[in-house]
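There are 2 protein chains.
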Amino acid sequence: LLLYDNVWAPNPRRVRLFLAEKGIEVPRREVDLRNNEHRGDAFTAINALQRVPALELDDGTIITESIAICRYFEELHPEPALFGRGAKERALVEMWQRRIELGLFAPISHVFRHLHPAMAEAEGQQIPAWGEVQKGRALEFLDLFDRHLIGHRFAAGEAFSIADITAHVAIGFMRTARLPWPDHIAHVARWRDEIASRPGMAA
Amino acid sequence: LLLYDNVWAPNPRRVRLFLAEKGIEVPRREVDLRNNEHRGDAFTAINALQRVPALELDDGTIITESIAICRYFEELHPEPALFGRGAKERALVEMWQRRIELGLFAPISHVFRHLHPAMAEAEGQQIPAWGEVQKGRALEFLDLFDRHLIGHRFAAGEAFSIADITAHVAIGFMRTARLPWPDHIAHVARWRDEIASRPGMAA
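Protein sequence lines, in the order shown, are assigned to chains A and B. Take any residue in the first sequence, count from 1 to its spot, add 1: that is its number in my numbering. Take any residue in the second sequence, count from 1 to its spot, add 1: that is its number in my numbering.
There's no promise every hint is true.
As the list claims (entries may be wrong) - Facing chain A, from chain B, some residues (calculated, C-beta under 7 Å):
1. G61
2. I64
3. A88
4. R91
5. M96
6. P129
7. W131
8. L145
Stated by the list, open to error - Reference excerpt, derived from the structure (chain A facing chain B, CB under 7 Å, subset only):
9. A49
10. R52
11. A92
Since the hints were derived computationally from the structure, they do not count as laboratory data. For glycine and all other residues, C-beta sits at the position ideal for the given N, C-alpha and C.
Bound-form chain A, shown alone:
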């Protein structure tokens, strides 16, 4: 078992936090994104999409996509359940994980990729107008999330889940993406402080 990882990128961080919450140790190999190791032949043979994270199983199978890797470990180590328990809770976790990924995590990465000068070369063609639209989307979603958290302790309800991990990583990436924290989202701030205080969240 080997996890291809990167300490700076948000997606691999989701997997590290997930493993930390589960208490699972996995051997890791750092992929040097700054020197384009992920675009070299050796890593392209591992993941044709040239992205981290990737998990190599003992039989040589490669699992890519952060959530697919997390789900693999959830199946093998069901406790603590981070994808929910039972049909309804699992659906709600999937729903909030996806809402947060599509409504917050993705817009924040697009802001970073299309507006941050450091990404000009890696992105190839930055489209600032697209980055600006995504700023608005991220802030709109934070408002919706704030209203949702009035009645809920965690993103998907009363239990900590993968949805909280995705939201925590997205919010942690706002500073890098130069998105200022909106002062009025008090419930998100309350949730953020509780999440940040979990021992697993330092991974």
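Use these hints to put chain B onto chain A, whose structure you have.
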């Protein structure tokens, strides 16, 4: 149980095809997207994100996000398994479902939303440069998918899964998005014809 549906939009179609493959009947209510019913107060109270599909459970809980709705039914009716069996296969299904959604389904919808004249009003601000970039991404992914299908009968391996449904709906949406079919992707064409011949795929 009530499914808020729309017969033209690609996301609700994923859920209909999934239910047809499972042989599950669910009462449906058509939401009139052309007349902006999804933006009205009544539907906004059901899904604040103003999108279909949405599933209302008997206890009033609303599940949104196509894949979350599909997973809800997978939990209640595990056969035939459309999210895989066992840790490794489930991870591979999740991986391909996400790769196809992010690499093909999303780019094709962005091409439609940012380049099709019919979407000018609904999208608010079309960004043609973004649509053009997404054309390239969709075509690049089809090449990768074509190479993958050389060694695999279905998207995630030897069993039909939700990943095939997402790919089938994405590809069916190419014509609406005015994306011409690339002649050289023979393995995708072989896969496409097999999928289209399944009885459930007419839903």
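Hint check:
1. G61: violated (11 Å)
2. I64: holds (5 Å)
3. A88: holds (4 Å)
4. R91: holds (6 Å)
5. M96: holds (4 Å)
6. P129: violated (10 Å)
7. W131: Check passed: Cβ of B:W131 comes within 5 Å of chain A, closer than 7 Å.
8. L145: holds (6 Å)
9. A49: holds (6 Å)
10. R52: violated (10 Å)
11. A92: holds (4 Å)
Hints 1, 6, 10 from the list above are not met by this structure, while the remaining hints are.
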